[in-house]
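There are 4 protein chains.
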Amino acid sequence: MSINFPQRLLDGYASFRAGRYASEAERYRKLGEGQQKPTVMMIACCDSRAAPETIFDAGPGEIFVVRNVANLVPPYAPDGRHHSTSAALEFAVLQLGVKHIVIMGHGRCGGIRAITEPGDPLSTGDFIGKWLAGVRDVAAIVDDEKLSLAQRLTLVEQASVEHSLANLRTFPWVRVRESKGDLTLNGAWFDISLGELNVYDEESRRWAVV
Amino acid sequence: MSINFPQRLLDGYASFRAGRYASEAERYRKLGEGQQKPTVMMIACCDSRAAPETIFDAGPGEIFVVRNVANLVPPYAPDGRHHSTSAALEFAVLQLGVKHIVIMGHGRCGGIRAITEPGDPLSTGDFIGKWLAGVRDVAAIVDDEKLSLAQRLTLVEQASVEHSLANLRTFPWVRVRESKGDLTLNGAWFDISLGELNVYDEESRRWAVV
Amino acid sequence: MSINFPQRLLDGYASFRAGRYASEAERYRKLGEGQQKPTVMMIACCDSRAAPETIFDAGPGEIFVVRNVANLVPPYAPDGRHHSTSAALEFAVLQLGVKHIVIMGHGRCGGIRAITEPGDPLSTGDFIGKWLAGVRDVAAIVDDEKLSLAQRLTLVEQASVEHSLANLRTFPWVRVRESKGDLTLNGAWFDISLGELNVYDEESRRWAVV
Amino acid sequence: MSINFPQRLLDGYASFRAGRYASEAERYRKLGEGQQKPTVMMIACCDSRAAPETIFDAGPGEIFVVRNVANLVPPYAPDGRHHSTSAALEFAVLQLGVKHIVIMGHGRCGGIRAITEPGDPLSTGDFIGKWLAGVRDVAAIVDDEKLSLAQRLTLVEQASVEHSLANLRTFPWVRVRESKGDLTLNGAWFDISLGELNVYDEESRRWAVV
Numbered sequence: 001m002s003i004n005f006p007q008r009l010l011d012g013y014a015s016f017r018a019g020r021y022a023s024e025a026e027r028y029r030k031l032g033e034g035q036q037k038p039t040v041m042m043i044a045c046c047d048s049r050a051a052p053e054t055i056f057d058a059g060p061g062e063i064f065v066v067r068n069v070a071n072l073v074p075p076y077a078p079d080g081r082h083h084s085t086s087a088a089l090e091f092a093v094l095q096l097g098v099k100h101i102v103i104m105g106h107g108r109c110g111g112i113r114a115i116t117e118p119g120d121p122l123s124t125g126d127f128i129g130k131w132l133a134g135v136r137d138v139a140a141i142v143d144d145e146k147l148s149l150a151q152r153l154t155l156v157e158q159a160s161v162e163h164s165l166a167n168l169r170t171f172p173w174v175r176v177r178e179s180k181g182d183l184t185l186n187g188a189w190f191d192i193s194l195g196e197l198n199v200y201d202e203e204s205r206r207w208a209v210v
Numbered sequence: 001m002s003i004n005f006p007q008r009l010l011d012g013y014a015s016f017r018a019g020r021y022a023s024e025a026e027r028y029r030k031l032g033e034g035q036q037k038p039t040v041m042m043i044a045c046c047d048s049r050a051a052p053e054t055i056f057d058a059g060p061g062e063i064f065v066v067r068n069v070a071n072l073v074p075p076y077a078p079d080g081r082h083h084s085t086s087a088a089l090e091f092a093v094l095q096l097g098v099k100h101i102v103i104m105g106h107g108r109c110g111g112i113r114a115i116t117e118p119g120d121p122l123s124t125g126d127f128i129g130k131w132l133a134g135v136r137d138v139a140a141i142v143d144d145e146k147l148s149l150a151q152r153l154t155l156v157e158q159a160s161v162e163h164s165l166a167n168l169r170t171f172p173w174v175r176v177r178e179s180k181g182d183l184t185l186n187g188a189w190f191d192i193s194l195g196e197l198n199v200y201d202e203e204s205r206r207w208a209v210v
Numbered sequence: 001m002s003i004n005f006p007q008r009l010l011d012g013y014a015s016f017r018a019g020r021y022a023s024e025a026e027r028y029r030k031l032g033e034g035q036q037k038p039t040v041m042m043i044a045c046c047d048s049r050a051a052p053e054t055i056f057d058a059g060p061g062e063i064f065v066v067r068n069v070a071n072l073v074p075p076y077a078p079d080g081r082h083h084s085t086s087a088a089l090e091f092a093v094l095q096l097g098v099k100h101i102v103i104m105g106h107g108r109c110g111g112i113r114a115i116t117e118p119g120d121p122l123s124t125g126d127f128i129g130k131w132l133a134g135v136r137d138v139a140a141i142v143d144d145e146k147l148s149l150a151q152r153l154t155l156v157e158q159a160s161v162e163h164s165l166a167n168l169r170t171f172p173w174v175r176v177r178e179s180k181g182d183l184t185l186n187g188a189w190f191d192i193s194l195g196e197l198n199v200y201d202e203e204s205r206r207w208a209v210v
Numbered sequence: 001m002s003i004n005f006p007q008r009l010l011d012g013y014a015s016f017r018a019g020r021y022a023s024e025a026e027r028y029r030k031l032g033e034g035q036q037k038p039t040v041m042m043i044a045c046c047d048s049r050a051a052p053e054t055i056f057d058a059g060p061g062e063i064f065v066v067r068n069v070a071n072l073v074p075p076y077a078p079d080g081r082h083h084s085t086s087a088a089l090e091f092a093v094l095q096l097g098v099k100h101i102v103i104m105g106h107g108r109c110g111g112i113r114a115i116t117e118p119g120d121p122l123s124t125g126d127f128i129g130k131w132l133a134g135v136r137d138v139a140a141i142v143d144d145e146k147l148s149l150a151q152r153l154t155l156v157e158q159a160s161v162e163h164s165l166a167n168l169r170t171f172p173w174v175r176v177r178e179s180k181g182d183l184t185l186n187g188a189w190f191d192i193s194l195g196e197l198n199v200y201d202e203e204s205r206r207w208a209v210v
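Protein chains in written order, with my numbering: chain R, 1 to 210; chain P, 1 to 210; chain W, 1 to 210; chain C, 1 to 210.
Isolated chain R, as found in the complex (with noise of 0.2 Å):
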């Protein structure tokens, strides 16, 4: 091909045709018929290093996943603007009807980081700042001077799972599936060097490994 296509994905193509796609092309087939029919739906981070599909082991049809850098979702705005991942939930819930919600983050997100540490913006359209802007009163909170950096860190990322959490709650299709028993709200945080996945209780208001 003369097209510049990187060679790493061109291989990583020829290897899932190979491989999966050659022993699953028949539920390809179906699943390429009509909807799509997922009953999950994973707001995760943008790493690379945190890919929903790897960790949960998933195949094709299984999760819908939004992602962006920290794994947020805004509170309801319905102003009429742009919301990406407003738009992703709408269509999750009022569309497609899944049944559980999950919100993963991870340890080491250079997103939460930016944060928490913040330097000078990147461009000076600033997106990074100003996507981040929420972040920082939930960081705020995480104030205890003997945590370690990276303590420190880590309880932010979890946090902030925690304040998407609260947020979810604020579209009003959501709150009133989840009231109804139609619908579950889950926070999850993998810690990549581990490879372990820790779950939040909201009754105990507690993160625990899984």
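These are computed hints drawn from the structure, not numbers from a lab.
Glycine included, C-beta positions come from ideal geometry on N, C-alpha and C.
Incorrect hints may have been included.
[Claimed, not checked] Ranges between beta-carbon positions, derived for each pair:
1) R:N4 with W:S179: 49 to 57 Å
2) R:E202 with P:R8: 14 to 22 Å
3) P:P118 with R:G34: 15 to 23 Å
4) P:S15 with R:A18: 16 to 24 Å
[Said to hold, decoys possible] Taking lysine-lysine and the DSBU-like style, the derived pairs with C-alpha atoms no more than 30 Å apart in a straight line are:
5) R:K37 with P:K130
6) W:K146 with R:K180
7) W:K99 with R:K146
8) P:K130 with C:K130
9) C:K130 with W:K99
10) R:K146 with W:K146
[Unchecked claim] Non-contacting residues of chain R with respect to chain W, defined by C-beta distances greater than 12 Å in every case (computed):
11) S15
12) G34
13) P121
Given the coordinates of chain R, work out where chains P, W and C should sit on it, guided by the hints.
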């Protein structure tokens, strides 16, 4: 566990621990030491049937992934508001220094279909309608009456990727890096039914199967 | 006096001077010495029939009161714009350190009715329509056709208070104080006709007359 | 009751039921039949020491009350955004047809003081700073160095009411009704320590004790 975490995900996680993680523990440990260093950024759709890591058989640390409904890149707008995709782009290009950006669309895209055949808004916020508003003009271009609906949707899905490539170049730091040869921009489209990847050749303005 | 001040108010003020003030002059003198120290913040409606100080027989210095149309709390939005209610909330929680926040709705709310049965906007600014836009999705949830209009409006009024409670928890410094036990959040609804107070039990998700 | 409702409020409510409500049950029943019909709108501060109903000894149904920090009226801005006070104004003037609008400031206003002597923002959202930004230019006018801080704050509190009166007249439907004699606009300022009401005479541009 007392937490009501989706069982399907817990099973998948157990499979990840016993399989991939068991054989790559050392790689995860190293990846978790500092910041990620991916060379590819991919902007893909939330669709459960088109996960980049699956289609390109990518391992942890390889692809920085944004996923929004219909894999859109908005134009550069340094207006001080929240811009999910622009923030991810800024982070990937200016902070991580990725070398390739790929925008990947796919067949049977529910988002593209929603804007091509608009009906009642899903909620009064109409987040999906607002998010996809920019695609409407793109869809209007594809108005050949001899086309079947399926053919027409495919053309809109591909035209939308072409449009997002143009939007990508409205970010000054993207355009400059591309013109210096430090960054490549590519469009791709995945046919779910056939499991086939198509890529866009900007010179000939044509799409071709890999 | 030559000034055209509403006579009804001047009469009422004379009554205040001869009555309450005469018997509480010393209390006013002390309250005027420094900053106020209320322990309760109340978010109530502008409605002339549902004044918090009357319903809770509160004296000067006791309740910090926000009153807007339909007693709404918007979600946390640190976007650099004017936010009347969020400013009051920030002042009450972070400056005054109130211990309780109560959101009080009431029956026959003209604001709720205006959004539930929308007609022509009152002015080209359509300030009421914009202000209440967030209630529309809440109202859409209450769609039982067997309900009378009055029953339906009551349910929307109460559902809107529940929704504002969810919004309250998107303010990081509110959520954290609540989880530490330093702040309680409550929903109330006042039946004007019967003069009866109803409160919301978040655990059972039910409203009960006090 | 199992609900953790502030006891002080429950006691006050019991007092209301045994006192005012017991003697005015019939009035409440009638007021609850339809829409409210107040003739006065008041824009007052959230301050716990300056409740309009107390100062004007007003009963249920008499005053439509907006309360925000520092009793501000913003200028007319039909920009499609949320405007709490403008929405209340539109509702009171165009829907309820009130005959009088009174803006009431008061002494020892924490909001006015916060903007006159700015320190660190309370939160990263800086909602109070943003909300009061318009008062800063008003405060700058009162720069007589011979004044004590208390004197200066009083002048800013009163100048801010005068400014809000000017803003009120930027709403086309307010100005027109006033010029036709259908609506009066008044400024007032309440001295908490002395329990004294001061009103503004726009002709002589002076404040006088009632």
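Cross-check of the supplied hints:
{"no.": "1", "hint": "R:N4 with W:S179: 49 to 57 Å", "verdict": "52 Å, holds"}
{"no.": "2", "hint": "R:E202 with P:R8: 14 to 22 Å", "verdict": "20 Å, holds"}
{"no.": "3", "hint": "P:P118 with R:G34: 15 to 23 Å", "verdict": "19 Å, holds"}
{"no.": "4", "hint": "P:S15 with R:A18: 16 to 24 Å", "verdict": "22 Å, holds"}
{"no.": "5", "hint": "R:K37 with P:K130", "verdict": "23 Å, holds"}
{"no.": "6", "hint": "W:K146 with R:K180", "verdict": "19 Å, holds"}
{"no.": "7", "hint": "W:K99 with R:K146", "verdict": "28 Å, holds"}
{"no.": "8", "hint": "P:K130 with C:K130", "verdict": "28 Å, holds"}
{"no.": "9", "hint": "C:K130 with W:K99", "verdict": "24 Å, holds"}
{"no.": "10", "hint": "R:K146 with W:K146", "verdict": "59 Å, violated"}
{"no.": "11", "hint": "S15", "verdict": "44 Å, holds"}
{"no.": "12", "hint": "G34", "verdict": "27 Å, holds"}
{"no.": "13", "hint": "P121", "verdict": "15 Å, holds"}
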